[in-house]
Amino acid sequence: MNIFNILSEIEKVDGEVFERLDHVSRRGMFSSMGKKLSAVAVPTLVAGMLNKAYATTPGALDVLNFALTLEFLEDEFYKKALSTAGLIPDTDKPIFAQISKHETQHVAFLVGALGAKAIAKPVFDFTAKGTFADVFSNYKTFAIVSHALEDTGVRAYKGQAGNLMAAEDKPLLQYALQIHSVEARHASVVRRLLNSRGFVPGAKGWITLAQGNPTAVYAGDDVLTQGGVNLTGLAGKSNEAISEAFDEPLTKDAVLAIAKPFIV
Amino acid sequence: MEKSQNDLSVVESTANVLQSSGSRRNFLRNAGLTTAAGVAILAVGCKKDDPVVTPSGTVDLGSGDVGILNYAYALEQLEAAFYIQVLTTPYTGMSAAETAVLTDIRDHEIIHRDFFKAALGTNAIGALEPNFAAIDFTSRDKVLGAAKLFEDTGVTAYNGAGKLIKDANYLLLAGKIVSVEGRHAAAIADLLKPMTAFFAGDDIIDGNGLDGAKMPSEILTAVQPYIKTKISGANLPTS
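One line per chain: the protein sequences are Y and U, in this order. For the first sequence, the numbering used here begins at 1 and goes up steadily by one. For the second sequence, the numbering used here begins at 1001 and goes up steadily by one.
Nothing false has been slipped in among the hints.
With a Cα cut of at most 25 Å, we get these calculated BS3-like pairs of lysine-lysine:
id, chain 1, residue 1, chain 2, residue 2
1, Y, 117, Y, 260
2, U, 1193, U, 1142
3, U, 1214, Y, 170
4, Y, 117, Y, 170
5, Y, 140, Y, 80
6, Y, 140, U, 1193
7, U, 1214, Y, 101
8, Y, 79, Y, 140
9, Y, 252, Y, 170
10, Y, 80, Y, 260
11, Y, 260, Y, 79
12, Y, 79, Y, 129
13, U, 1230, U, 1214
14, Y, 79, Y, 101
15, Y, 80, Y, 101
16, Y, 101, U, 1193
17, Y, 170, U, 1166
18, Y, 140, Y, 129
19, Y, 170, U, 1176
20, Y, 93, U, 1193
21, U, 1214, U, 1176
22, Y, 79, U, 1193
23, U, 1193, Y, 204
24, Y, 101, Y, 140
25, Y, 204, U, 1142
26, Y, 204, Y, 101
27, U, 1176, Y, 204
28, Y, 252, U, 1166
29, Y, 80, Y, 93
30, Y, 79, Y, 121
31, Y, 117, Y, 252
32, Y, 79, Y, 93
33, Y, 121, Y, 101
34, Y, 252, U, 1176
35, Y, 129, Y, 80
36, Y, 129, Y, 260
37, U, 1228, U, 1142
Hint data in this document are derived by calculation from the structure and do not stem from the laboratory. For clarity, every value in this text was computed on a predicted model and none was experimentally measured.
With the rest of the complex left out, here is chain Y (with noise of 0.2 Å):
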């Protein structure tokens, strides 16, 4: 059982399996696969590797890459606040550095499916233009920027899922709808961080209305109509919990003017 003979084949009908796999860390993979696997399992777990790392469509490589633009901004943020110094109190370290970890993921999961068609990573100022001057000095700014920007997140994939729906993008649906609920679950205990550390008094894990900051992150959250449903006084529950229960989409439109000030 030769693994380059099959990659070879396979670069028949996909000439970019070499950069594909690259982006999934070819040197890890060939160099552990001697040892490790039997001559069986190889061709499973490069099938698996492929079907995994694959955006063909126009729809699924546009959306990919609006997703990785995020996760780029995401990742960076993450690790330069983590290694800077006295920002991040040692207590709520844990917290970020797991959060951290999956946007490092996210990224290498997205630059695998994309392939050579991934986007560079830009260049960024976490201060937005000055908007956040202190970010990476005052913890309540970089908490607040950081809830903000999973938010961001969660709303941009969910206004995304409806342009995977291709037969040939149902597995990147899955994917994209499985790193949606990691960023919902970032933006829940961050939101609950703002609570106990007095930044935000009040704040839950979830969206009221369209309550929060920057209002350009939340505007429209306050939808109260879902499926043609007015649910207005459902269950004798209030407006407020009615608009927790749904999450509301962003357009990419939308997306893109909040994380614009943020991209050199």
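Please arrange chain U on chain Y, whose structure you already have, making use of the hints.
Structure of chain U alone, referenced to chain Y:
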């Protein structure tokens, strides 16, 4: 509309009363919203999508998008029933902050449940009877542990069902709900193990930073022990 909303509140408190007096009967029953609301979203129920209760008492979720919506409705019924019980018989030492979080989550799940019932209209499955015999509601760890299990299961269920949905509007609706379930899961985990990585822990999130995703058949097998009513997803889409 006004009347049925009032009915819902009454039924909810009735359920609480029944529950606290020890009766589980009709625990999950809630009043129907006018089915006119459901028509707005589910134009016309196709005959083959109609869920059926078989003579053996098994509830069939149905097929197509209606089947997936009934699948979600079943899971939301389970979650709502669980949190109603949690707040009806609070565990020992439930703090004010915990009560607030659990009350919010209960209300969200009730809203999800009643939304699906309204949206499905005449296509909706009936009320399911829960079975929480295995959960010790006096124990904080057991209750929060079960809550985490239900939230993680909900996220995993919605994530796995997305690709089975045909109508983009329903996919978006599922997306609007699943992220709220993700927020719940993280908040519950944060109550269990504050200031740790547990809110999106390596027990749930894989090495690619991906949350769970499972097919309905797997999820239904996992949740059936918590539901007395036998549920069949045999006619749900598989791709």
